[in-house]
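Visitor: Each chain, written out:
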Amino acid sequence: MTAATKAIGDGMVNAKRNLIKIKRVPDLLVFSTLSPIMFVLLFAYVLGSGIKIPGTSYREFLMAGIFGQTVIFGATITGSGLAQDLQRGIVDRFRSLPMAQSAVLVGRTTSDLANNVIVIVVMSITGLIVGWRIRSSFGEALAGFALLLLFAYALSWAMAVIGLAVRSPEVFNNASFIAVFPLTFIANTFVLTSTLPGPLKVVAEWNPVSAVVQAARELFGNVPPGSPKPSALPLQHPVIATLAWCAVILAIFVPLAIRRYKKAVSR
Amino acid sequence: MEFAIEAEGLVKRYGSVRALDGLDLAVPEGTVMGLLGPNGAGKTTAVRIFTTLLEADAGRARVAGFDVKADARALRRVIGLSGQYAAVDEDLTGFENLDMVGRLYGLGRRSSRERARELLAQFDLAESGDRVVRGYSGGMRRRLDLAGALVARPRILFLDEPTTGLDPRGRLGMWDVIEELVAGGTTLLLTTQYLEEADRLADSIAVIDHGTVIARGTADELKSQVGGERIELRVDSASDLDRVRGLLSAVAAGEAMSDTRTRTLTVPVSGGSKTLIEALRMLDAEGIAVSDIGLRRPTLDDVFLSLTGHAAEEKKDDDEPAGARRGQGENAR
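The listed protein sequences correspond, in order, to chains P and D. Just so we're aligned: the first sequence equals residues 19 to 285 in this note's numbering. Just so we're aligned: the second sequence equals residues -5 to 327 in this note's numbering.
Source of the hints: derived by calculation from the structure; they are not laboratory data. Even glycine gets a Cβ: it sits at the ideal position worked out from N, Cα and C. Be aware that one or more of the hints could be misleading.
To be verified - Some chain D residues judged to face chain P by a derived CB distance under 10 Å, without partners named:
#	residue
1	Leu48
2	Glu49
3	Arg70
4	Leu86
5	Val126
Stated by the list, open to error - Below, in silico cross-link-like pairs of lysine to any residue (SDA-like), each with a Cα-Cα straight-line distance of 20 Å or less:
#	chain 1	residue 1	chain 2	residue 2
6	P	Lys70	P	Ile204
7	D	Lys63	D	Tyr8
8	P	Lys280	D	Ala64
9	P	Lys41	D	Asp124
Could you put the whole structure together from the sequences, leaning on the hints where they help?
Guide: Here it is in structure tokens:
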């Protein structure tokens, strides 16, 4: 067995462990799907009655944004899961085994990706019920979902670094909340960036979250024809921008996370 | 002689605290070494270096001939580790936990499952093997954790305080299990705070304090170093003390110590309960009334008092200096 197949095999053993946990402790999945449903309903009916998007309904505009926010929240599970493993001492066991050093991280990020797939399915159904429609081809829509998931997957490696650094799930949850909320709000997720005041507008336009949301919005066909072209470069080519962001995030955080993991000791 | 575990001058610093301060250790193959010391002595740090979880700042260590730094991967194949806290996944069943470990050791799907069932049976967990670990008792979790360390039939086993936190029954059960294991020839490094535990399980003992070995030997050697067994008695009247002292000098193995304030006398002896009976007969024949008498054996506290001049219970909580614990970030560790 080569090192690569051993690494993948070990990663899948770990992913299986996390998937069994989802099955056995379904609370996490239930709440990580309930909260986006709540967000869809709140934003669609509360903000939707106040915010006007020229050429389309707010609900149609909103969905790509909610998808973006939700998969990012899904990515944070990676961090709290690892922090919990550290706290409970099981990382010591793993690190004393002759397994690939990346396996715990690969397993964790993979099972969190699976979690995000389930969440996206539930959210899509909720969206369709409140009036969201995909106005593009099946292939384009699939590409939109794939981009959202890829972006969340890349971010989960960054979350892994934070989770291994803070070493307590409670601290991680507070820390990630502070990071994730501005990241998903100072963006085109819930409002048009053109309506934001000067500096916020610049931040929003170059925010990686805006790129992935814009890409999804375009691929779902939820950008009304005739709407003005965004002025910022990443939003003009959102698909390429998203792929570039994912590559950068992975290139930085995969080695960083593995390095952290190699030195992580419980308690 | 072939050493399964060898360490020379191991140093590990946490900030300004030296958790290990030049630790030397040599464990011959097929023997049981007890690393005995109080909390904070550096026992867990030593085990973590041997099992590749931590890197030493200085010194070298070899396990099964593999260098802990250079050959970490190969080393992990031949060792098993069971830590101070049962490192099992609460949301999986006992079987799933062991099967996962087997797969990660590189066992095939079938042999991993067979090994998991075999271990569950061996550790008296066959009936609860398909139940989620969350419902296990403390003793069951420890047994499962130990089973996890044995999945790949390791040549060298590390057990870090295997009975800390167990009730007396759980402790006895664990001792039986460990004795059975080492009967098969496994080399074992065991850390413990209990002299009794080291006494029962270990072939030789290294007493460790402030990150360095302060005494080595068999349990008997250590005990005799501490002063061995002694008779302690309290007389009704302090005026009897000198008489009793003179009387018992016939059975004493050393200088007796008396305390008139508490009316107690401590007499070092070597003959065990026989000597105690003899002493009682002598006192009875002389008609001297004693309110309390007994044979005392040295405890860990005695070992520590005698070897270090300070009590064993100096530090509480984790086996790490307080400044290096969670919350201080990784650099501090």
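Visitor: Against each hint, give a clear statement of whether it holds in the structure.
Guide: Here is what the structure says about each hint:
no.: 1; hint: Leu48; in the structure: holds, 6 Å
no.: 2; hint: Glu49; in the structure: holds, 8 Å
no.: 3; hint: Arg70; in the structure: holds, 4 Å
no.: 4; hint: Leu86; in the structure: holds, 6 Å
no.: 5; hint: Val126; in the structure: holds, 6 Å
no.: 6; hint: P:Lys70 / P:Ile204; in the structure: holds, 18 Å
no.: 7; hint: D:Lys63 / D:Tyr8; in the structure: holds, 19 Å
no.: 8; hint: P:Lys280 / D:Ala64; in the structure: holds, 14 Å
no.: 9; hint: P:Lys41 / D:Asp124; in the structure: holds, 15 Å
Hint compliance for this structure: no hint is broken.
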